[in-house]
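Engineer: First to last, the sequence lines map onto chains A and B.
Here the first sequence stands for residues 1 to 123, numbered as in our numbering.
Here the second sequence stands for residues 124 to 232, numbered as in our numbering.
No wet-lab data here; the hints were simulated from the structure.
Using N, Cα and C, we set each Cβ at its ideal position, and we do this for glycine too.
Just so you know, not all the hints are guaranteed correct.
[Claimed, not checked] Between beta-carbon pairs, the in silico distance windows are:
no.	chain 1	residue 1	chain 2	residue 2	range
1	A	87	B	177	38 to 44 Å
2	B	149	A	87	22 to 28 Å
3	A	30	B	203	37 to 43 Å
4	A	10	B	200	26 to 32 Å
5	A	76	B	149	35 to 41 Å
6	B	179	A	25	16 to 22 Å
7	A	8	B	193	20 to 26 Å
[Stated by the list, open to error] Restricting the straight-line Cα-Cα distance to at most 16 Å, the calculated cross-link-like pairs of lysine to aspartate or glutamate (EDC-like) are:
no.	chain 1	residue 1	chain 2	residue 2
8	B	173	A	111
9	B	173	A	102
10	B	173	B	193
11	B	162	B	204
12	B	228	B	204
13	B	168	B	204
14	A	65	A	102
15	B	168	B	178
16	B	232	B	204
17	B	165	A	111
18	B	165	B	205
19	A	65	B	124
20	B	228	B	205
21	B	168	A	89
22	B	168	B	205
23	B	168	A	111
24	B	165	B	140
25	A	43	A	89
Spelled out from the first residue to the last, the chains are:
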Amino acid sequence: EVQVVESGGGLVQPGGSLRLSCAASGFTFSSYRMNWVRQAPGKGLEWLSYISRGGGFIYYADSVKGRFTVSRDNAKNSLYLQMNSLRAEDTAVYYCARGRIDSSSRDDGFDIWGQGTMVTVSS
Amino acid sequence: DIQMTQSPSTLSASVGDRVTITCRASQSINSCLAWYQQKPGKAPKLLIYKASSLESGVPSRFSGSGSGTEFTLTISSLQPDDFATYYCQQYNGYSPPYTFGQGTKLEIK
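Full structure from sequences and hints, please.
Structural biologist: This is the structure:
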């Protein structure tokens with residue numbers, strides 16, 4: 001079964017750090033670009049970060065640039081999100097999502113999503 | 124960055140109705156648009172990519188259209204399972220940020 005499973009969420013104090021993981025299975029992880037998306041309670045989806053297949057191209061939303069770092073380990077079929085300097089407004093469910101690839105190997109939406117991991121930033 | 128605006132924010136409809144949700148981009152995104160369905164407590168599910176291509180396994184009552192800056196998601200005959208929140212997402216230029224619309228909640232009338 002093709003799936004991604006997030007882990008690592010929890011309760012953290014403002015200013016603290018947390019590292020999220022996303023374990024992929026059922027597909028050739030190294031062939032896909034990956035993304036992180038979050039959803040604050042009762043709010044919409046917010047794209048956060050993108051990493052290319054080899055990790056050489058990385059993008060962030062302005063809201064997390066300089067605080068969050070995405071990485072991947074293709075040998076371990078895993079994606080990571082290191083979150084530093086956490087704020088109350090970072091409280092959300094964090095999703096890992098696989099980038100769908102079109103016939104020209106370009107991005108084409110997000111076709112596989114994990115169940116999400118909840119991050120709560122509070123004192 | 125490209126902004127995506129969905130309308131309406133909430134839509135009330137009945138089983139069997141035909142409904143349309145609109146998504147507008149702040150600049151042309153060609154056909155680089157996806158639609159997702161999300162149910163409470165669940166991850167989003169890809170319905171449509173490239174504005175009008177139906178993802179495998181998605182019922183044919185879902186369809187997408189548009190290009191440039193204006194797009195629509197149509198459900199031809201609402202089923203009980205379709206009541207959910209729908210999001211559009213642009214991926215123009217194949218280079219992030221890949222912005223989502225604010226969502227449209229489809230409610231039972």
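Engineer: If a hint holds in the structure, say so; if it doesn't, say that too.
Structural biologist: How the hints compare with the structure:
The beta-carbon spacing between residue 87 of chain A and residue 177 of chain B, approximately 39 Å, falls within the hinted interval of 38 to 44 Å. Taking the beta carbon of each, residue 149 of chain B and residue 87 of chain A are about 27 Å apart, inside 22 to 28 Å as hinted. Under the hint 37 to 43 Å, the C-beta atoms of residue 30 of chain A and residue 203 of chain B, about 40 Å apart, fit the expected range. For the hinted restraint 26 to 32 Å between residue 10 of chain A and residue 200 of chain B, the CB-CB distance of approximately 43 Å leaves it violated.
Here the CB-CB span from residue 76 of chain A to residue 149 of chain B is close to 39 Å, well matched to the stated 35 to 41 Å. A hinted range of 16 to 22 Å for the beta carbons of residue 179 of chain B and residue 25 of chain A is consistent with their spacing of about 19 Å. In this structure the supplied range 20 to 26 Å is violated for residue 8 of chain A paired with residue 193 of chain B, their Cβ-Cβ distance being about 40 Å. Restraint check for residue 173 of chain B and residue 111 of chain A: satisfied, since their Cα atoms lie roughly 12 Å apart, inside the 16 Å limit.
Our distance criterion of 16 Å between C-alpha atoms is met by residue 173 of chain B and residue 102 of chain A, whose separation comes to about 9 Å. Restraint check: the Cα-Cα separation between residue 173 of chain B and residue 193 of chain B comes to about 13 Å, which is no more than 16 Å; the hinted pair holds. Under the criterion of a C-alpha separation no larger than 16 Å, the hint pairing residue 162 of chain B with residue 204 of chain B is consistent with the structure, at around 9 Å. At most 16 Å may separate the alpha-carbon atoms for a hinted pair to count; residue 228 of chain B and residue 204 of chain B meet this at roughly 13 Å.
Among the hinted pairs, residue 168 of chain B with residue 204 of chain B is consistent with the structure: their alpha-carbon atoms are about 13 Å apart, no more than 16 Å. Taking the CA atoms of residue 65 of chain A and residue 102 of chain A, the gap is about 28 Å. The hint is violated against a cut of 16 Å. For the given pair, residue 168 of chain B sits about 10 Å from residue 178 of chain B by alpha-carbon distance, which is consistent with the 16 Å threshold. With a CA separation close to 14 Å, the supplied pair residue 232 of chain B and residue 204 of chain B stays within the 16 Å bound.
Simply put, residue 165 of chain B and residue 111 of chain A have alpha-carbon atoms about 14 Å apart, close enough for the 16 Å limit, and the pair holds. At most 16 Å may separate the alpha-carbon atoms for a hinted pair to count; residue 165 of chain B and residue 205 of chain B meet this at roughly 14 Å. Taken as a hint, the residue 65 of chain A and residue 124 of chain B pair is honoured in the structure, with Cα atoms around 15 Å apart against an allowance of 16 Å. Among the hinted pairs, residue 228 of chain B with residue 205 of chain B is consistent with the structure: their alpha-carbon atoms are about 11 Å apart, no more than 16 Å.
Of the supplied pair hints, the one linking residue 168 of chain B and residue 89 of chain A is violated, its CA atoms being roughly 25 Å apart against a limit of 16 Å. Distance restraint check for residue 168 of chain B and residue 205 of chain B: the Cα-Cα separation of roughly 12 Å lies within the 16 Å cut-off, and the hinted pair is therefore satisfied. Between residue 168 of chain B and residue 111 of chain A, the direct Cα distance comes to roughly 7 Å. Compliance with the 16 Å bound is thereby established for this hinted pair. Between residue 165 of chain B and residue 140 of chain B the CA atoms are separated by roughly 25 Å; this puts the pair beyond 16 Å, and the hint is violated.
Between residue 43 of chain A and residue 89 of chain A, the direct Cα distance comes to roughly 12 Å. Compliance with the 16 Å bound is thereby established for this hinted pair.
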